[in-house]
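K.L.:
One-letter residues, chain by chain:
Number of protein chains: 2
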Amino acid sequence: MSVKVVILGSAGGIPTPERNLPSILISVDGEIILLDCGEGTQRQMMIAGYSLCKKMKIFITHLHGDHILGIPGMLQSMSLLNRVHPLEIYGPKGIKEFIYKNFDICKPSFDIIVNEISEGEIFSNKKIKVIGALADHSEENIAYSITIGASLGKFLPEKARELGIPEGPLWGLLKSGHSIKLENGRIVKPEEVLGEPKPGIKIVYSGDTKYCEKIVEISKEADLLIHEATFASDLSDRAHEEKHSTAEDAAKIAKLANVKKLVLTHISSRYKDTKILEEEARKIFENVEIAEDFKTYDFKV
Amino acid sequence: MSVKVVILGSAGGIPTPERNLPSILISVDGEIILLDCGEGTQRQMMIAGYSLCKKMKIFITHLHGDHILGIPGMLQSMSLLNRVHPLEIYGPKGIKEFIYKNFDICKPSFDIIVNEISEGEIFSNKKIKVIGALADHSEENIAYSITIGASLGKFLPEKARELGIPEGPLWGLLKSGHSIKLENGRIVKPEEVLGEPKPGIKIVYSGDTKYCEKIVEISKEADLLIHEATFASDLSDRAHEEKHSTAEDAAKIAKLANVKKLVLTHISSRYKDTKILEEEARKIFENVEIAEDFKTYDFKV
Chain A
1 MSVKVVILGS AGGIPTPERN LPSILISVDG EIILLDCGEG TQRQMMIAGY SLCKKMKIFI
61 THLHGDHILG IPGMLQSMSL LNRVHPLEIY GPKGIKEFIY KNFDICKPSF DIIVNEISEG
121 EIFSNKKIKV IGALADHSEE NIAYSITIGA SLGKFLPEKA RELGIPEGPL WGLLKSGHSI
181 KLENGRIVKP EEVLGEPKPG IKIVYSGDTK YCEKIVEISK EADLLIHEAT FASDLSDRAH
241 EEKHSTAEDA AKIAKLANVK KLVLTHISSR YKDTKILEEE ARKIFENVEI AEDFKTYDFK
301 V
Chain B
1 MSVKVVILGS AGGIPTPERN LPSILISVDG EIILLDCGEG TQRQMMIAGY SLCKKMKIFI
61 THLHGDHILG IPGMLQSMSL LNRVHPLEIY GPKGIKEFIY KNFDICKPSF DIIVNEISEG
121 EIFSNKKIKV IGALADHSEE NIAYSITIGA SLGKFLPEKA RELGIPEGPL WGLLKSGHSI
181 KLENGRIVKP EEVLGEPKPG IKIVYSGDTK YCEKIVEISK EADLLIHEAT FASDLSDRAH
241 EEKHSTAEDA AKIAKLANVK KLVLTHISSR YKDTKILEEE ARKIFENVEI AEDFKTYDFK
301 V
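These protein sequence lines are chains A and B, in that order.
Position 198 of the first sequence, counting from 1, maps to 198 under our numbering, and the rest follow consecutively.
Position 52 of the second sequence, counting from 1, maps to 52 under our numbering, and the rest follow consecutively.
Okay, chain A solo, but in the shape it has when bound:
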């Protein structure tokens, strides 16, 4: 399975000539997961070579304009392009009202399912699992952990037979990760009859937040943590007052969560040169880089 993570917009609240407003695209075997949808996201998608007509789910971190104002225009273009697939949108309370109140302008001609969600397990299918965590921002912000291609280990029939488990429904329960109880009262856990599980690829996106332990929790061992770093530490007072992170804050999260790679995004327009952010983070966490629009991270699962 091929997974691509494309930074569509790496700006903070105000775009710059180089950085569009926040959005990150994850392509999983041609299906699209969009994390936030700032103004201009539809065009960034086109420039990056992704169609608006594919299967797609949008996860919104919070209801500040720079993270959602790309939705109405995207819906209008999808309609003009005769999109067929329904579109699923997930976001905090209030996302429904925002989307529905602009329906008269964007006139969507396909099904839209809007889900108001909070923390915990948000979505799960055979390929993808999405977990949300409430971060710490001036507006309710959900950080997302997306695990792709994780699976239980292969079922080992010989081990099941050794344990005296009769072939049939009990095997099915164990294969799907459930414990069972044998007639003799013994509990068999699935890991006793399954091979090595596949961890899949884990990608975490913070949205807007100040330093937040909950993001450490959902980022444990992530392959990629995309964390906001609106400011450098010379503006840490302002960052914390406005409930944003510094590059140092983001690096601490990456270190504590033992992630493989950290990408800093939501860069304030004041930083024409982002060295100060990168160097500050690197003192704490080595494998860090600054998000740039259209930078792509490839994974094989």
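Hints may be right or wrong, so weigh each one.
Which copy is meant is left open, so a pair is good if it fits within one copy or across any two.
What the hints assert, rightly or not - List of simulated lysine-lysine pairs, DSBU-like, C-alpha gap at most 30 Å:
#	residue 1	residue 2
1	107	243
2	96	107
3	129	96
4	93	107
5	159	255
6	4	272
7	243	101
8	159	181
9	154	300
10	295	272
11	300	261
12	129	159
13	107	214
14	272	107
15	4	129
16	283	127
17	272	54
18	55	272
Bear in mind the hints are in silico, worked out from the structure with no lab data behind them.
In this text, all values refer to a predicted model and were calculated from it rather than measured experimentally.
Keeping the supplied structure of chain A fixed, place chain B upon it in accordance with the hints.
P.N.:
Showing chain B alone in chain A's frame:
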């Protein structure tokens, strides 16, 4: 006086990697007039080198999403940039509701004056005069004629004296373009005591419309007519059904109005190569070109 006309977005209803959604900027000695404000316009302005904090008036042709969805994000950025100047927005009935219903998202911190207007004289000051004409689209669409730097001729005191007009309030009336009545009953028209008037620069923008005589009227002798040409004539049935123009329609308007230059815009995303549009129009009107994002037209008044 220096006047620059910058195409910020030349796309039709759907953006392309090359064309942003509709917007045209006119800079008059540093003040800005924006015609339409499709999604992404604020960033196009930045790329073109124009600040969001300058004196600015926005004129909206109609309430289709591709012409207005850049407004909420622009208002948010203006607030974050601590804009001081009030912002004037003009557009057809419904523009107020659209702007106000997104205030909770974009939280403007400066004064916004929204004017719902129709055809006729819309705005006028010493430098700029804006006239609107109802065009012919599926949604009420106002085409705009903007005349910049026009002035009455210089007042000629010797002519006034010759006609026996006493120095005083009557001179003032004539200077400002009003006719007067002398004691002997004779009517004096201002042109009898004024030198050659300055025509200024006239720029006309159609918005979305099928072929419409009213646009001929407001475009008479214009220096620049920016007219929509969503399709070429091979799709004239579709164009007319959807109340859009072909390149040929736009060229006919330019010819009848005897404009100096025609620029075709609102180009459908189907035309990767725009030669077909340009050639079709040139058969009717020689001085035509296709709008491209960031193309600039300079005038001295």
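K.L.:
Could you run down the list of hints and mark each one as holding or not?
P.N.:
These are the hints, each one checked on the structure:
With identical chains, the CA atoms of residue 107 and residue 243 are at most 30 Å apart between copies only, with a shortest distance of 18 Å across copies and 35 Å within one. Taking the shortest alpha-carbon separations for residue 96 and residue 107, both the intra-copy value of 15 Å and the inter-copy value of 19 Å come in at or below 30 Å. When the C-alpha separation of residue 129 and residue 96 is checked against a cutoff of 30 Å, the pair qualifies only within one copy, where the shortest distance is 22 Å, while the shortest distance between copies is 42 Å. Proximity of residue 93 to residue 107 under the C-alpha cut-off of 30 Å is found in both arrangements, the shortest distances being 22 Å within a copy and 18 Å between copies.
For the identical chains of this complex, residue 159 and residue 255 are neighbours neither inside a copy (39 Å) nor across copies (86 Å), given an alpha-carbon limit of 30 Å. Within a single copy, residue 4 and residue 272 get their C-alpha atoms as close as 27 Å, and across copies as close as 28 Å, so both meet the 30 Å cut-off. In this assembly of identical chains, the alpha carbons of residue 243 and residue 101 lie at most 30 Å apart whether taken from the same copy (28 Å) or from different copies (26 Å). For the identical chains of this complex, residue 159 and residue 181 are intra-copy neighbours only, at 16 Å inside a copy versus 113 Å across copies, given an alpha-carbon limit of 30 Å.
In this assembly of identical chains, the alpha carbons of residue 154 and residue 300 lie at most 30 Å apart only when taken from the same copy (19 Å versus 76 Å across copies). Taking the closest pair of Cα atoms, residue 295 and residue 272 come within 30 Å of each other both inside a single copy (17 Å) and across two copies (26 Å). With identical chains, the CA atoms of residue 300 and residue 261 are at most 30 Å apart within one copy only, with a shortest distance of 15 Å there and 55 Å across copies. Taking the closest pair of Cα atoms, residue 129 and residue 159 come within 30 Å of each other only inside a single copy of the chain (28 Å); across copies the shortest separation is 86 Å, beyond that limit.
Proximity of residue 107 to residue 214 under the C-alpha cut-off of 30 Å is restricted to the inter-copy arrangement: shortest distance 29 Å between copies versus 38 Å within a copy. Within a single copy, residue 272 and residue 107 get their C-alpha atoms only as close as 38 Å, which misses the 30 Å cut-off; across copies the closest is 26 Å, which meets it. For the identical chains of this complex, residue 4 and residue 129 are intra-copy neighbours only, at 16 Å inside a copy versus 52 Å across copies, given an alpha-carbon limit of 30 Å. Taking CA atoms no more than 30 Å apart as the test, residue 283 paired with residue 127 passes in neither setting, with 36 Å inside one copy and 57 Å between copies.
In this homomeric assembly, residue 272 and residue 54 come within 30 Å of each other (Cα to Cα) only across copies, at 22 Å, whereas the closest approach inside a single copy is 35 Å. Taking the shortest alpha-carbon separations for residue 55 and residue 272, only the inter-copy value of 26 Å comes in at or below 30 Å, while the best intra-copy value is 36 Å.
When held up to the earlier numbered hints, the structure conflicts with 5, 16 and fits the remainder.
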